[in-house]
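Asks: Sequence:
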Amino acid sequence: MSDDKFIIPIDAIEKDFSDFLNLQNNFRIIFSGPFGIGKTYFLDKFFTARSDQYYPVFLCPVNYSLLSNEDVFKLIKYDILYQLIQDKDFGFDEVFDFTKLDYAKSFFSENQFLILFNLMKNLPKIKQVVPIAEMIEKLLKKFKEGWKEINDNSELSILRDFQSETETNFLLEFDDVSQLIADQLDQLVEKKRKENAIQKVLVIDDLDRLDPEHIFRLFNVFSAHFDQVNYRIAENGEKLPENKFGFDKIIFVCDIENIRKIFAHKYGEGVDFSGYIDKFYSKQIFYLLHKDAFQKNIQKYIDLQFQNMKLFKVDV
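Position 257 of the sequence shown, counting from 1, maps to 267 under the working numbering, and the rest follow consecutively.
To be clear, the hints were calculated from the coordinates, so they are not data collected in a lab. Among the hints, a few may not be true.
Unchecked claim - For lysine-lysine, the following DSSO-like pairs were computed, each having C-alpha atoms within a straight-line distance of at most 30 Å: (1) K84 - K271; (2) K276 - K293; (3) K55 - K202.
What the hints assert, rightly or not - Each pair of labels, with its calculated beta carbon distance range: (4) A274 - D99: 22 to 32 Å; (5) R203 - K293: 18 to 28 Å; (6) Y277 - K201: 42 to 52 Å; (7) S75 - N32: 20 to 30 Å; (8) Q197 - Y297: 44 to 54 Å; (9) Q34 - S233: 40 to 50 Å; (10) P44 - S75: 20 to 30 Å; (11) D54 - H275: 23 to 33 Å; (12) L33 - N268: 40 to 50 Å; (13) N206 - F30: 10 to 20 Å; (14) K135 - P222: 39 to 49 Å; (15) D21 - E252: 25 to 35 Å; (16) Y51 - G285: 24 to 34 Å.
C-beta: ideal position from N, C-alpha, C; glycine also.
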């Protein structure tokens with residue numbers, strides 16, 4: 011008998027997911043599967059193979075270092091920005107240019123210096139596993155340039171103090187960080203585009219492994235955006251809601267059954283879970299390794315093992 015591990019081929023599932031992802035107006039997706047079944051592996055492989063079609067940004071909030079009352083969404087924003095900065099096509103020197111003559115206007119209206127400051131402050135909490143030494147060096151260099159420019163200019167010092175006092179407002183749901191993310195996403199996908207348009211995809215992984223307070227804080231922030239959303243006009247004239255940060259698709263990755271149990275524990279068994287969760291997917295929940303595919307491949311595996319056993323069959 012072979013000692014090879016039993017691995018279910020994902021080619022057919024990739025096609026199913028591709029068809030599902032491309033359904034018209036399917037801009038919010040819940041991607042569900044039991045813990046350890048390979049959701050992250052599947053999505054990484056799927057989008058890597060389709061880099062000419064999608065620009066994915068993967069987030070894993072379970073790695074964040076969060077206080078119980080801290081805003082998980084704040085770190086989501088800086089995690090996205092940090093990942094965009096690492097893209098070789100990101101215009102780092104242009105975005106964080108603190109030597110322009112109109113620096114005061116830029117500082118006041120776009121908050122680039124404060125964005126950089128908060129990005130650096132929150133990097134340790136994001137706990138990125140990629141090497142960051144070189145990026146930290148670049149960030150520090152730009153930060154020092156901006157700090158020198160501010161201290162050499164009394165008007166900018168006043169602006170700095172004003173911005174520090176209003177940092178709470180700066181971190182509202184759609185702020186200058188959000189706008190910078192949306193603008194840079196558009197520029198990055200345009201640089202990578204060859205023929206067809208590239209879709210921007212936000213993948214939020216391991217949602218059900220977060221602390222319950224943070225799970226529903228994150229969901230509720232997106233829910234608030236969906237309720238107060240801007241609309242874009244489709245080719246057929248239909249009004250379609252825009253996702254946060256301008257992403258074409260947002261994928262929430264979790265085991266939906268875990269989310270259901272956590273919801274019931276937090277809000278009570280009688281509270282309508284379907285009414286709450288429905289707004290986070292546009293069509294239906296996508297289940298990785300649907301039971302039909304699983305049973306089909308399990309049956310093949312069992313048949314193969316029995317076939318191998320026949321080689322050792324002894325008549326009695």
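Asks: Compare the structure with the hints numbered earlier in the document and write down the numbers of the violated ones, lowest to highest.
Replies: Violated: hints 4, 7, 8, 9, 12, 14.
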